[in-house]
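Peer 1: Please arrange chain C on chain W, whose structure you already have, making use of the hints.
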Amino acid sequence: MKYKDYYRILGVERDASAEAIKRAYRKLAHKYHPDVSKAANAEEKFKEVAEAYETLKNPEKRAAYDQLGSYQPGQDFQPPPDWGKQFGDTQFSFEGIDLADLLAGLAAGRQRAGRRGEHVRMPGQDYEVTAHISLEEAYRGTDVDLHLTVPEYDEHGFPRRVPRAFKVRIPKGATDGQRLRLAGKGGKGIHGGRDGDLYLNIALHPHPLFRVSGHDLYLDLPLTPWEAVLGATAEVPTLGGPVRLKVPAGTRAGQQLRLARRGLPKPHAGEGDLFAIVQIVVPTVTTERERALFQQLADSSTFNPRGHFQQEVRSGS
Amino acid sequence: MEAEFTETLWLDERHEFSLAELAELSGLSEAELRELVDYGAVVPRNPQALQWTFSGTCLDAIRTACRLRDSFDLDVHGVAVVIALLDRIHDLEAQLRHSRAQVPRGTR
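Protein chains in written order, with the numbering used here: chain W, 202 to 518; chain C, 122 to 229.
With the rest of the complex left out, here is chain W:
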């Protein structure tokens, strides 16, 4: 079993008061709580901090932890002989568990001893996992394989680490930030308590062409100046295959052309829309003939896109 230095994690001395431990925990919780902090390693850091506080805030657990001795963080160690008898009420198995499991098992042992065999129902733990899927997978629906290692408790309340694998069907209709609930797939309940749930957060990989807002998709549609002026029919990609889009004459840059129901399917019925956002793109390399034609257009056109500048200056003065 690897040693974790809970005092060092909270940044307190080994003889710190309960009040000092609480203060140190709160400070770190503000910094790393994953619901509050956006730091990249926040979740991992907070787990460490919460695990340390869970033990050190409880005088009995803290005493049991102190009795384990002091080692370097990450150093392999074995609890002293009779540690289990002293702090549990039977022999622990130290195989395949970590320090947090060990101390949780101790709490279960105490509870059992205190209640003289009375079994207290405890619900299983809930878990949250993020499934990263592509936009195409969200469009069609997909299966994802989840592998978790979760603590399970035997009838005496002793923990062991159990690998669990699920194949989860993500039905079509998923989009960024949506949640799925897998009822009863979290940690096992103890003494008849309900099993915990597994919550799946959907996160979409960025797509090279489409941007997502809810179930609507946005696509940049580059047009030549003459296509924008004269109108055109453009082939545009959609998740269901290419479609032909009629671009009306006189289309402006930034205009959104809506392709109804070509977005992501919604969970139960209907689909979002696809919006093609017009960009007018000019050629960076032109032939002599092209330049001549543009010159001819410049000479004969009276179009002034900056006319309103003059008007605004006049009305402002």
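Worth flagging that the hints you see were computed from the coordinates, not collected in a lab.
Only true hints are included.
Covered stretches of chain C, as calculated for chain W (at least 3 residues, CB under 8 Å):
(1) 131-141
(2) 183-195
(3) 214-224
Think of the CB as a built atom: it goes at the ideal place given N, C-alpha and C, for glycine as much as any other residue.
Peer 2: Chain C only, in chain W's frame:
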């Protein structure tokens, strides 16, 4: 290891929870949830009815608030404030995603 196939459930507005289900799944007591309804932090679909029902979308914010309650020793009033702020953050994030989706690539 054989993977077990698992049925899933969308937590969206089409899904409905009773007060008892919401309490069981969130970790808050029914009394705490009633207090949150009093503060306006959680709104039942049918506030006038005897048996309240709640949209499936409520669960996520309530679970988050419950985690924060446990981590920061918040009382129910504190939890109500957290839920209101989380709602605002989610709305703002959705607006930001919507605005970003409309900005052409290369100009962001």
